[in-house]
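Asker: Protein chains in written order, with the working numbering: chain A, 823 to 1171; chain B, 823 to 1171.
Please note: incorrect hints may appear among the correct ones.
If several chains are the same, the list does not tell them apart, and a pair holds so long as it fits within one copy or across any two.
Straight-line C-alpha distance at most 30 Å; calculated DSS-like pairs for lysine-lysine [stated by the list, open to error]: (1) K982 - K1074; (2) K1025 - K1045; (3) K982 - K1045; (4) K1025 - K919.
Keep in mind that the hints were calculated from the coordinates and are not lab data.
2 protein chains.
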Amino acid sequence: MSTDNLLTTLNLTCPIVQAPMAGGATTPKLIAAVSNFGGLGSLGAGMTAPDTINEQINQIKALTDKPFAVNLMVLSAAESTTFDTSMPDWLSGYYQKASIEPVLADKPAQLFDEQFQVLLDNPVAVASFTFGIISQAQVDVLHAVGTKVVGTANHPLEAKAWADIGADAVCVQGAEAGGHRGGWLAQSEQDPMGLLVLISQTKAITDVPLIAAGGIMTADAIKAVQTAGAALAQMGTVFLTTTESGISATYKSELLKVANGQRDGRTRLTRLFSGKQARGLVNDYLEQFAAYDNTSLPAYPQLNAMTKPMRAAAAQASNPEYMSLWAGQGVSQVQALSVHELMTQLTGV
Amino acid sequence: MSTDNLLTTLNLTCPIVQAPMAGGATTPKLIAAVSNFGGLGSLGAGMTAPDTINEQINQIKALTDKPFAVNLMVLSAAESTTFDTSMPDWLSGYYQKASIEPVLADKPAQLFDEQFQVLLDNPVAVASFTFGIISQAQVDVLHAVGTKVVGTANHPLEAKAWADIGADAVCVQGAEAGGHRGGWLAQSEQDPMGLLVLISQTKAITDVPLIAAGGIMTADAIKAVQTAGAALAQMGTVFLTTTESGISATYKSELLKVANGQRDGRTRLTRLFSGKQARGLVNDYLEQFAAYDNTSLPAYPQLNAMTKPMRAAAAQASNPEYMSLWAGQGVSQVQALSVHELMTQLTGV
């Protein structure tokens, strides 16, 4: 029976994990600010080249001596290196109409094994994983370099699988959560569980310490998930609008518009951007191609790579309607604050 | 600023509301057992004829002198009395293939005004409402006969609307909840909010006391929603498998099979049974006609009346695959217990 949790073993002074958000949101400054406050900052490194991950780890270490996490996306070498399917017609049609040349990267995603090696060469306090599960041997080598291991689950069986290979904690991510869902079993996609249900059913089958994620925006919500049985609360969307966040001005502005009542805060779980379920603000792209969301789409990371030229062109043009505006259901409660101001509010310090 | 809540004004001794579940689940015995324990039992009377509602109220009053609630579905006279659309082809085709004569009732639903009159003639402690909102005048006449008024909301704006007309409390029903969703705004259907998010965003715009519903199955979950800011926890699915529940043996058996790992516990929000979003166990009917779920379907109560002959025939044949097996996402935690045993467990008495 595990009785400790990351709060105690890492000497965190507040029960807040800043969610790893790949794509540039989680700057070294953001992560260090969270960890220096006493929470656990996390680098969303899943889409980052190994050398850059190493550099960013060094940058964070220069800004804080407190523990922080690095998050990777578990993908096979085959998934990451080969375009094994062609672009859907509706997407080719979009590129043609928008006069954008869909130049694809040389490979759909970074190589997981190379990213993982960085964590062995330049160890961090916590390594967390999404999109799949690693092997027991990989957990063991991380433990051997002094790194705690955190898995991600959208379903109790995924949490159990992580517990069974010795994960130190599991992030249970409810359907409310923004961005990509971290699970991999079919059950995760077919009936996305609300956070409270997920905590309750996970506790019924494993005693691994839980980090609760999904729609948590306030001090009361943090206390609520702790009461439900989670050790820590993981929050993503609420950090996107902080001063230290690395998202584009366009993206940040759309999130704050929701909070100000200037934009519809409706979110949707969609596979249209990447091939894998993720929650974001409904925009023109999601509305225009909604009919294709439940069709057979190229899987992650294939479709993600295929929509990248579109997203890049939209970002370049400051056009939020063809960018991925990842956000959780709690988005209407974002605020423009520094990390210190936000965490002071969340912890009632 | 309202500071009291139903817990104090009704002298409840435990923070549990047994959800109103129309269709026979909420027997007078079940309701009285909940209220006698110190919670708030609720009669799901939305689909019941006025005379029968009156009789059932008398039966409950004979079994308990404690407060209980009666729940009605807010429908217009036009919606309730006229079949204004024809049966979808796929459903006609099903009836033909199954050799079932789809004999429709003389009207799609009971008349709300006649049901409402019963609550004035034979007053109860609490009147609760789903599917729509009543008028301020109707709230006033209920108050005049000593009845507290509870609305149902799936979206913060619906809760606000109930608060604005003087409701004494609002049941905020998260996406996790089984059975029909009680809201009526387009936002409720487009982005069904998880319970914690719904509580948090509702508290941000109104101080009306909240009853939290959706996936709550355990003592810890009750405490969690109270920590999040709800006054009471409303639970439905967990009462369906009690000894006092009035659901069919077939339905009860399928729910318990999920808890025993003998049936997939996957649920789905679907409009295929009634025209209005409701959550139930995935069965052959939902799989077979899944492609029609997001098409233009006859609205509630039209489609509900049209699928009734199918559901009745399936119930007659003890065939769960063409019955509506309403259940929340917490369904895997149901137990075969008496109400007294269940509530003892939930309250730690």
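Asker: If a hint holds in the structure, say so; if it doesn't, say that too.
Answerer: Verification of the hints:
no.	hint	result
1	K982 - K1074	between (36 Å within a copy, 28 Å between copies)
2	K1025 - K1045	both (17 Å within a copy, 15 Å between copies)
3	K982 - K1045	both (24 Å within a copy, 24 Å between copies)
4	K1025 - K919	neither (50 Å within a copy, 45 Å between copies)
Of the hints listed earlier, the one the structure fails to meet is number 4.
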